[in-house]
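Participant: Sequence:
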Amino acid sequence: MDYFLQTPAWADVQASLGRTVHQQSGPGWSFLAVEEKNPAGKVLYSPYGPVASSTEALDAALAALVATARSCGAVFVRIEPVAAGLAMPAAADLSRRGLQPAPVNQQPELSWIVDLDGDFKDVLAAMKPVNRNLYRNIHKKGVTFRASQDPEDISILLDFLVMTARRNGFKPQSDEYLTQVAASLMPAGAATMFIAELHGEPIAAALAYDSADTRTYAHAAMDDEHRKLSAGIPLLVTLMADAKDRGLKHVDLWGVAPADQPDHKWAGFTAFKKSFGGHEVAYPGTWDLPVKKLRYNAYQLARKLRDRLRTLRSPAALPARTARTDT
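In terms of our numbering, the sequence shown opens at residue 1 and continues consecutively.
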């Protein structure tokens, strides 16, 4: 699979946001890395990278990343080697290379992939019957679908995201960020908006990013007023059918919850994604490679002390009060 966050198109997005991007390649390896800031100082972050064809190529990529980090004054390199020739679980191999697990995973550690090999009827057959039936019959209710690469159409998705965030209690990415992403990617053909309309009025939208062989289902939301139509289901099938028509090999539905965590905050999204068939892919997670080791260790110590203090101050950590008996 070709991961979108390591493509030239994503480098263009980061540059359009005013960020410094580094790209290098060598025999069997490549990386895209972005300069970021955190409490330690400057960080060189390679989302879902570096890409390497073998562990030897990974070592070469890591050496190049460290050299780049030193040249730009980064305290550490943060990587997510999802395509680096590593056997899973990869913790032992990464630790031997001096890497340490990051405090949190920046990108999902588990993803759900639908392969588009063969006829699209085989993709449909792997879905839940309700998904197939909605895709085949929702037009009877006046719902149609269209694809757009006009960045002005991002406003449709933004309005629905506000509704969805309010309903589900989460904070979406900013309008300014997604507007800039759309302005950079959609005219270049690297992103497509899929819109469901009821009698010509938008009721759901999804934004997808394309790499050489994979379409990534990045953002989606729908109008609260028409939720009972479940237009998001046939909208996603339409997105998949279009990817197949364009010769892509996979649709990445992005992060899912671990099977042994039914109360995970992504559990609802996970059940939705799994209803389209496909399979789970596990990644090594996010890892740090210290460059300025003393400063990195001080940063980690300060972070752990801060987290410890927060735990001690939380209501759950306080002793229970004794009930009063003098009333």
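It should be emphasised that the hints constitute simulated quantities derived from the structure, not laboratory data. Wrong hints could be hidden among the right ones.
[As the list claims (entries may be wrong)] The calculated DSBU-like cross-link candidates involving lysine-lysine, where the alpha carbons are at most 35 Å apart (straight line), are:
#1 Lys244 <-> Lys140
#2 Lys171 <-> Lys249
#3 Lys171 <-> Lys304
#4 Lys293 <-> Lys244
#5 Lys304 <-> Lys292
#6 Lys274 <-> Lys244
#7 Lys244 <-> Lys128
#8 Lys249 <-> Lys128
#9 Lys304 <-> Lys37
#10 Lys274 <-> Lys293
#11 Lys274 <-> Lys292
#12 Lys121 <-> Lys228
#13 Lys37 <-> Lys228
#14 Lys37 <-> Lys141
#15 Lys244 <-> Lys37
#16 Lys292 <-> Lys121
#17 Lys140 <-> Lys128
[Stated by the list, open to error] Simulated DEER-style distance windows between Cβ atoms:
#18 Arg166 <-> Gly41: 34 to 44 Å
#19 Asp119 <-> Val21: 36 to 46 Å
#20 Asn168 <-> Ala60: 18 to 28 Å
#21 Thr144 <-> Asn38: 26 to 36 Å
#22 Pro187 <-> Ala87: 39 to 49 Å
#23 Asp150 <-> Asp119: 46 to 56 Å
#24 Asp224 <-> Ala87: 39 to 49 Å
#25 Asp159 <-> Arg19: 43 to 53 Å
Given the structure is predicted, the values throughout are model-derived calculations rather than measurements. Built from N, CA and C at the ideal position, the CB exists for glycine as well.
Participant: Look at each hint and say if it fits the structure.
Facilitator: Going down the list of hints, with the structure as the test:
1. Lys244 <-> Lys140: OK: Lys244 and Lys140 at ~24 Å, within 35 Å.
2. Lys171 <-> Lys249: OK: Lys171 and Lys249 at ~32 Å, within 35 Å.
3. Lys171 <-> Lys304: 26 Å, holds
4. Lys293 <-> Lys244: 47 Å, violated
5. Lys304 <-> Lys292: 19 Å, holds
6. Lys274 <-> Lys244: Holds, at about 19 Å.
7. Lys244 <-> Lys128: Holds: Lys244 and Lys128 sit about 19 Å apart, inside 35 Å.
8. Lys249 <-> Lys128: 21 Å, holds
9. Lys304 <-> Lys37: Roughly 19 Å separates the two Cα atoms, so the pair holds.
10. Lys274 <-> Lys293: Given pair Lys274, Lys293 is violated - Cα atoms ~42 Å apart, limit 35 Å.
11. Lys274 <-> Lys292: Roughly 42 Å separates the two Cα atoms, so the pair is violated.
12. Lys121 <-> Lys228: Measuring from Cα to Cα gives roughly 26 Å; hence the hint holds.
13. Lys37 <-> Lys228: Violated. Lys37 to Lys228 sits at ~43 Å, over the 35 Å cutoff.
14. Lys37 <-> Lys141: Outside the cut-off at roughly 50 Å; violated.
15. Lys244 <-> Lys37: 39 Å, violated
16. Lys292 <-> Lys121: The given pair, whose Cα atoms are some 54 Å apart, is violated under the 35 Å limit.
17. Lys140 <-> Lys128: With Cα atoms ~20 Å apart, Lys140 and Lys128 stay inside 35 Å; holds.
18. Arg166 <-> Gly41: 34 to 44 Å: 36 Å, holds
19. Asp119 <-> Val21: 36 to 46 Å: Check passed, 39 Å falls within 36 to 46 Å.
20. Asn168 <-> Ala60: 18 to 28 Å: Because 43 Å falls outside the window, the suggested range is violated.
21. Thr144 <-> Asn38: 26 to 36 Å: 45 Å, violated
22. Pro187 <-> Ala87: 39 to 49 Å: 41 Å, holds
23. Asp150 <-> Asp119: 46 to 56 Å: Once the Cβ atoms are compared, 31 Å apart, the range 46 to 56 Å for Asp119 and Asp150 is violated.
24. Asp224 <-> Ala87: 39 to 49 Å: 46 Å, holds
25. Asp159 <-> Arg19: 43 to 53 Å: The hinted range 43 to 53 Å is violated for Asp159 and Arg19, with Cβ atoms some 27 Å apart.
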